[in-house]
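If you want the building blocks of each chain, they are given just below.
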Amino acid sequence: MPKWAMVIDLDRCTGCGACNVACKMENNVPIVDPDEAQNGRAMFWMDMVATYEGEFPHTEAKHVPKPCFHCDDPPCTKVCPVGATYRNPEGLVGQIYHRCIGCRYCMAACPFTAKVYNWYDPKWIDGAQVANPDVSQRMVGVVEKCSFCAHRLQKVKETADVEGREIQENEYVPACMENCPADAIVFGDIDNRNSKVSRLSRSYRVFRYMDDLGVKPKVYYLARRTSS
Amino acid sequence: MPIFAKCRRNSGLNNHGFLRYRSSMTLSSSPSKRSFLCRSAVLLLAMMVGCALTSDDRKIQPIVYSHKSHIENAGLTCTDCHSSVQTLAAASIPNLEVCRNCHSESLSESPEEAKLLKYVAKAAEVPWERVYKVPDHVYFSHRRHVVAGRLECEVCHGNVQQFTMPVSLPEIPVTMENCMSCHRKHNVTNDCLSCHR
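Line by line, the protein sequences are chains Y and U.
Here this note's numbering is used: position 181 in the first sequence is 181, and no number is missing along the way.
Here this note's numbering is used: position 62 in the second sequence is 62, and no number is missing along the way.
Quick caveat, the hints were computed from the structure, so don't treat them as lab data.
Fair warning: there could be bad hints in the mix.
As the list claims (entries may be wrong) - Result set (SDA-like, lysine to any residue): computed pairs, CA atoms no more than 20 Å apart in a straight line:
(1) Y:Lys-78 / U:Asp-191
(2) Y:Lys-78 / U:Cys-192
(3) U:Lys-133 / Y:Tyr-97
(4) Y:Lys-157 / U:Ala-89
(5) Y:Lys-78 / Y:Cys-103
(6) Y:Lys-24 / Y:Lys-3
One chain only, chain Y, in its complex shape (with noise of 0.2 Å):
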C-alpha cells in the first residue's frame, strides 16, 4: 500500500503564491472578507507563510509553502470526539465534514495550525469562484484542511483499478504541485524507494517543521540555507 507525502524544495521555490490560488480553487476554499481575514479567519488549506529575516535594508523575505502535513502520528486525531478526522493506511490524514461537530478541539491540537474553521457558509465574490464539482462545498460549522486532493486520487485509484494496475508515479499529483511553476513541489509514494518523493526525502538538504514534536510530518522541506 503506498503512503503519500510530499516534498517542497525551498532552494526552488519563489514564493509566487501559485499554489495557494490552485488550491484555493482547486477545493472551493471559500473567500473570506478582508475584515475577517483580519481577525484571523483567513482560509487556507495551502498557506504561505511569510518571515522576515534582518534590519531592515538587510532584510530577508523567506516564503514557505504550509499545506497539511498529514502526520504519521497526527495530534490531531487524537483529540477529535467523533472520529471525523482520521488517519487512512495510505497515510492521507482526512477530514470528514459532515462527521464534524465543529468543537475545534483538533484546530488546538494541530501544532501547524494546518485546519480552518467555517465560520460563515460559503459565499462568493461574484464570479470570483465557479465550484469544482469533485470537491463538496463545506456548511457553517465545520473543520477543513489540505486533503492532498484525495478527490483526485478517489479517481486515479478507479481507473488503476479497473484497468488492473498500480498507479504510476505523477498519477495522482495535488493542485498545488500542478499548479507550481518552479517545479518546487514533488509528490509521491515514500514508501517506494525509486520514487522521487523518496529519493529526495534522503536528501542531505532535507528537515522536517517541528522534527522535535515527534508527529512525524509527511511534507519534507528541502533547505541548503539554515533555519534560524
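Chain Y is fixed; fit chain U onto it per the hints.
What follows is chain U alone, placed relative to chain Y:
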C-alpha cells in the same frame, strides 16, 4: 390490513418495522393496556398517513415509461440506453438523441409514445426526474461498481426489467447505511476517504 398496507407503501416504511410494531400489540395481555395500545396505534396510524401525505418524495415522470416493454419487446439491454455505466461515474439518463434512434416515427398506438414524439418534434429534452442521487460530498462511480466490482444493476436498482411504470422511488434508499451494509458484506473498503470528499 389494506389501510396498513397503503400506509406502508406511502410512507416507505419497511416490513421489519411494521411487523415489529404489530407483534408488540399482540403480546399485551391486560385490557386497559390493550385499549391504550389500540388508541396509540390509531394515533400513530394517523400520524403516519399524515406524514405520508405531506412528505411524499416520489417523483412524477413526464412520460409513463415502461422498462419492461423496452427490454422484453424491443430487446434492449440496460447499457443500450444508460450508455456510460461501464465507462463513467454517472450511468447517464438517456437524452433525446437516444430515444430518437428508435422513435423517429410512431412505433405503436401508445399515448405515452405520442408524448415522446411531441418532444422529438420539438427537439426538446424529456424532463426526466432524477430518482437516484448521491449527495455532493460522496464520490460514487458506476464504472467502479459495475466493472471492477462486477455488480448487476438489480442489486441497487431492483428488478427494473419487470417495471411497467416509471421509476418514482429508489428501490434501495441512497443512504450510507445501505452502502456500508453491502461494503461490509463483500469486505470492500470502509475507509472514509474512499467515498467521501
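Of all the hints numbered above, which does this structure not satisfy? Sort the numbers upward.
When the structure is compared with the hints, only number 6 turns out to be violated.
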